[in-house]
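Student: Chain by chain, the residues run as shown.
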Amino acid sequence: MRKHFAFVALALCLGAGFSAYRGGAAAQADPRQKAYATEPDWNDPQRLIPLNYQQARGKRLFYQYCVWCHADATPAGPSNRANLNPVPPLLNDGAALNGKSDEFLLEITTLGGSAMGKSAMMPPYGRTLTREEIQALIAFARAIAQPPYQPPAPR
Amino acid sequence: MSGNRLQGACKTHRTSALAQFNSWLTLRRLSLCLSVPVLCAALLLAARAGFGQANPAAVADPHPGAEQVWTPQLNAAERCTACHPGVAPPSAARPSIQQPGRVDPLVPHHTKDWGCTVCHRGQGAAAEKEQAHQPELAPAQPLLPTRYLQASCGICHRADLPDTPDLNRGRLLLGEFRCVGCHRLEGIERPAMLGPDLTDIGNKVSAEWIYKWLKEPRTIIDDSGNTAVNGYQMEPRMPQFRLNEEELRNLTAYLSSLRGKPVEPYAFDPKVVAALENSPDLVDQGEARFRQMFCTTCHSLAVTRGGETKLIGGDIGPEMTKVGSKTNPAWLAAWLRNPQAFLPKSKMPRYEWSDQDLYVVTRYISAKLTDPDLLQGVPKLDAATPEQIRLGRRVFLKKGCGSCHAVPGAKLQEDFGPNLVSLGAESISHLHFGDAKIPRSLTAYLQAKIGDPLSVNPTADMPQYRFNSADLDAITTALLSMTGAPGSGGMERLIVPRTPAEFHPAGAFAQVYERYQCDACHQFNGYGGTLATDLSYEGSRAQRQWLIDFLKNPQTLRPSLILRMPQFNMTGQEAAIVADFIGRNLRSPAVNPAGVDPAQFTPQMAALGKQLYEVKYQCQACHSIGAGGGYVGPELSNVGNWMTAAWIAAWLKDPQALLPGGIEPRRALTEDEIKALTAYLVSLRQSEPAGRAAAAAGVGQ
Numbered sequence: 001m002r003k004h005f006a007f008v009a010l011a012l013c014l015g016a017g018f019s020a021y022r023g024g025a026a027a028q029a030d031p032r033q034k035a036y037a038t039e040p041d042w043n044d045p046q047r048l049i050p051l052n053y054q055q056a057r058g059k060r061l062f063y064q065y066c067v068w069c070h071a072d073a074t075p076a077g078p079s080n081r082a083n084l085n086p087v088p089p090l091l092n093d094g095a096a097l098n099g100k101s102d103e104f105l106l107e108i109t110t111l112g113g114s115a116m117g118k119s120a121m122m123p124p125y126g127r128t129l130t131r132e133e134i135q136a137l138i139a140f141a142r143a144i145a146q147p148p149y150q151p152p153a154p155r
Numbered sequence: 156m157s158g159n160r161l162q163g164a165c166k167t168h169r170t171s172a173l174a175q176f177n178s179w180l181t182l183r184r185l186s187l188c189l190s191v192p193v194l195c196a197a198l199l200l201a202a203r204a205g206f207g208q209a210n211p212a213a214v215a216d217p218h219p220g221a222e223q224v225w226t227p228q229l230n231a232a233e234r235c236t237a238c239h240p241g242v243a244p245p246s247a248a249r250p251s252i253q254q255p256g257r258v259d260p261l262v263p264h265h266t267k268d269w270g271c272t273v274c275h276r277g278q279g280a281a282a283e284k285e286q287a288h289q290p291e292l293a294p295a296q297p298l299l300p301t302r303y304l305q306a307s308c309g310i311c312h313r314a315d316l317p318d319t320p321d322l323n324r325g326r327l328l329l330g331e332f333r334c335v336g337c338h339r340l341e342g343i344e345r346p347a348m349l350g351p352d353l354t355d356i357g358n359k360v361s362a363e364w365i366y367k368w369l370k371e372p373r374t375i376i377d378d379s380g381n382t383a384v385n386g387y388q389m390e391p392r393m394p395q396f397r398l399n400e401e402e403l404r405n406l407t408a409y410l411s412s413l414r415g416k417p418v419e420p421y422a423f424d425p426k427v428v429a430a431l432e433n434s435p436d437l438v439d440q441g442e443a444r445f446r447q448m449f450c451t452t453c454h455s456l457a458v459t460r461g462g463e464t465k466l467i468g469g470d471i472g473p474e475m476t477k478v479g480s481k482t483n484p485a486w487l488a489a490w491l492r493n494p495q496a497f498l499p500k501s502k503m504p505r506y507e508w509s510d511q512d513l514y515v516v517t518r519y520i521s522a523k524l525t526d527p528d529l530l531q532g533v534p535k536l537d538a539a540t541p542e543q544i545r546l547g548r549r550v551f552l553k554k555g556c557g558s559c560h561a562v563p564g565a566k567l568q569e570d571f572g573p574n575l576v577s578l579g580a581e582s583i584s585h586l587h588f589g590d591a592k593i594p595r596s597l598t599a600y601l602q603a604k605i606g607d608p609l610s611v612n613p614t615a616d617m618p619q620y621r622f623n624s625a626d627l628d629a630i631t632t633a634l635l636s637m638t639g640a641p642g643s644g645g646m647e648r649l650i651v652p653r654t655p656a657e658f659h660p661a662g663a664f665a666q667v668y669e670r671y672q673c674d675a676c677h678q679f680n681g682y683g684g685t686l687a688t689d690l691s692y693e694g695s696r697a698q699r700q701w702l703i704d705f706l707k708n709p710q711t712l713r714p715s716l717i718l719r720m721p722q723f724n725m726t727g728q729e730a731a732i733v734a735d736f737i738g739r740n741l742r743s744p745a746v747n748p749a750g751v752d753p754a755q756f757t758p759q760m761a762a763l764g765k766q767l768y769e770v771k772y773q774c775q776a777c778h779s780i781g782a783g784g785g786y787v788g789p790e791l792s793n794v795g796n797w798m799t800a801a802w803i804a805a806w807l808k809d810p811q812a813l814l815p816g817g818i819e820p821r822r823a824l825t826e827d828e829i830k831a832l833t834a835y836l837v838s839l840r841q842s843e844p845a846g847r848a849a850a851a852a853g854v855g856q
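Chains as they are written, first to last, in my numbering: chain L, 1 to 155; chain V, 156 to 856.
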């Protein structure tokens with residue numbers, strides 16, 4: 001057990017060293033270089049958020065299925081969001097979504113709002129999207145959240 | 156970094172360090188924030204601590220204990236997993252560990268069958284990290300940067316995949332921007348028309364206009380040199396050729412000498428002209444008709460609002476903001492009446508014009524879509540001399556213009572540019588980097604060459620395109636996927652070919668279809684454009700009378716769409732031909748027209764359906780009926796006249812069975828709920844079908 005502890009300490013020191021080093025390089029490094037895709041920060045379009053494979057997949061699904069209600073601009077023009085009552089949270093709304101667990105988000109997307117005691121205007125996607133696709137959507141939401149999402153500490 | 160040796164890693168694996176390694180693996184599960192560099196570093200340190208003096212010979216001899224993956228099928232041996240030990244399906248506890256370090260569960264190829272380098276490239280057999288990864292040390296096969304990774308899917312998957320949008324877009328752009336005009340490219344469809352035939356160009360536009368266009372083939376530029384439509388940039392299909400003044404003048408002289416057959420001015424009915432000629436709102440009438448006919452579904456116009464210029468409209472045809480300064484009204488009228496008489500392969504539909512419409516629309520274009528300053532800066536051009544014309548023709552051929560444009564007395568130039576079918580596997584020793592200050596790698600080369608051809612070769616003939624960085628990445632990805640013919644030894648079995656879709660309209664319908672170029676926007680059994688509704692199953696969806704009314708006077712069906720079906724002024728007979736063909740031939744096997752009998756619907760069922768629609772399922776989130784409701788799905792106030800009951804029921808049961816990838820969520824409705832909802836929806840009818848009511852009210856007249 002003591003050995004483990006020593007390793008954690010070692011790894012953390014190294015990790016810190018590494019990230020400091022990478023932080024220096026990141027000033028000019030292109031964030032797209034190591035990412036499958038990027039998404040501009042919705043609150044600050046100049047800032048690009050790099051996405052890993054799963055998040056990039058979530059992005060594609062989001063812009064196909066959810067953008068109509070969970071964003072203010074859509075590829076086809078006006079958003080439907082303002083028509084809805086209750087008005088759905090923007091997908092990057094960290095204040096609304098950061099406090100909700102992955103499990104909850106997975107369930108409400110799978111079963112729809114009414115199954116979770118929320119509005120039926122949130123449709124169920126469990127028969128349209130696979131579980132993996134819904135997980136990818138959640139990963140994307142977490143990646144673009146503002147304020148940023150902090151995963152809960154592992155127990 | 157010199158200690159960062161794979162040798163160390165291999166050794167680690169084979170010796171007692173395995174114990175340490177295992178405990179270290181346990182640690183990985185404990186610590187969430189441990190990233191890959193940390194893993195490598197820790198591994199390295201572990202290796203250094205006890206086994207820093209590893210014997211390099213151990214690597215040359217692929218020992219059974221060494222971490223090495225051999226894929227006989229691909230004849231590849233690689234040692235990537237020695238440093239990337241986490242390449243295994245992620246555990247439930249650690250689902251989101253970053254690459255490299257895991258096989259993504261969504262990629263249906265496992266390293267044990269495929270290895271790593273077949274997709275990621277890199278020298279898998281190398282013994283040092285740098286040798287495995289870095290372009291300078293791994294010139295034969297450097298690691299592929301993640302953002303081009305979809306290129307690797309395209310090596311075998313020649314048909315588009317849903318999860319490779321960049322690759323798919325790159326392939327599309329290679330066709331759309333006519334790269335196939337000069338280069339041979341694997342699997343890129345050659346557009347029916349690469350560039351317009353120039354046999355008559357001297358009749359159509361002035362020498363000054365030609366000069367201006369050759370110098371800079373776009374008419375609207377904002378400060379940054381671009382215009383954007385809905386966020387994407389609109390580039391003219393014709394690139395910029397960087398001609399010098401002499402070349403410009405000579406080429407202009409040659410082109411303006413091309414006057415095949417003079418345009419015969421269309422003889423308007425004098426009564427129509429007399430009635431309209433002096434009417435004060437002539438131009439306004441023209442603009443109104445221009446908008447009603449939805450020319451902007453295919454053509455865009457620049458609109459400046461709040462100092463910001465945007466193109467509004469479609470990109471199937473050219474941008475038209477200043478077209479009135481380009482062509483004369485006589486040419487315009489002749490073109491609009493019969494575009495295919497000028498360009499047989501043009502996608503422009505042949506509208507049914509009344510003299511009145513044609514007159515007001517051409518007048519509007521010539522009066523309003525103009526820019527008096529368009530030709531500013533064009534020098535005075537004297538009459539062309541025979542010598543200029545001769546030299547101009549030489550420029551035409553030297554620059555490869557004849558790859559896309561037909562001129563009299565010359566065949567289309569073929570294979571003008573280098574063959575690129577195996578560019579994606581090109582060794583950097585075959586590339587000319589010139590003085591470019593860029594990394595010596597294929598990806599850097601491609602980006603530099605396409606971004607600015609002169610950067611790697613100051614005497615390049617390749618013209619200048621202006622792609623935004625996303626499109627440049629997409630094109631690079633598509634080019635990287637072209638690695639040539641598959642090797643022998645079974646590799647060719649891995650290719651998933653692209654099967655070109657075809658649709659052969661027949662009979663009277665074929666003529667109407669050609670005339671209105673239906674396939675420019677609509678899909679038929681996988682063939683055609685993607686701008687508008689897929690019509691493959693339209694015969695199961697729409698009722699015949701509704702189709703006829705719609706074709707004669709198209710109404711908006713989806714409120715969220717900006718682009719609409721143009722009003723062609725189809726005759727009743729044409730509309731009936733189309734409706735009959737659709738009804739007979741474009742049907743879904745999943746919809747049985749006799750399966751649902753609307754006669755069995757009772758008012759009670761419809762009332763229950765209304766309840767379900769409004770309360771339980773809240774369909775109004777996306778659909779509107781009259782005033783209230785959402786913008787996402789079609790407007791439903793006339794759906795009872797529009798759609799067949801059988802289609803509605805089948806759609807409610809499983810939308811994706813009728814429209815794969817469609818966005819309507821599939822719900823778990825019971826049979827009774829489906830019946831009730833269908834009963835409600837078919838009861839939604841406007842007293843008269845929308846088309847006829849609108850026509851009677853004079854809309855669109």
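Since the hints were made in silico from the structure, they are not lab data. Please note: incorrect hints may appear among the correct ones.
Unchecked claim - List of simulated lysine to aspartate or glutamate pairs, EDC-like, C-alpha gap at most 20 Å:
#	chain 1	residue 1	chain 2	residue 2
1	V	K765	V	E790
2	V	K771	L	E107
3	V	K771	V	E819
4	V	K554	V	D352
5	L	K118	V	D352
6	V	K416	V	D352
To be verified - Stretch by stretch, here's where chain L covers chain V in the computed footprint (C-beta under 8 Å, at least three residues):
#	segment
7	490-500
8	767-776
9	820-830
Claimed, not checked - Chain V is nowhere near these chain L residues, computed Cβ spacing over 10 Å in every case:
#	residue
10	A37
11	D41
12	N43
13	N83
14	A95
15	K100
16	E103
17	F104
18	E107
19	S119
20	T128
21	P147
For each residue, glycine too, the CB sits at the ideal point set by N, CA and C.
Student: Hint by hint, which ones does this structure get wrong, listed from lowest number up?
Tutor: 5, 7, 10, 13, 19, 20
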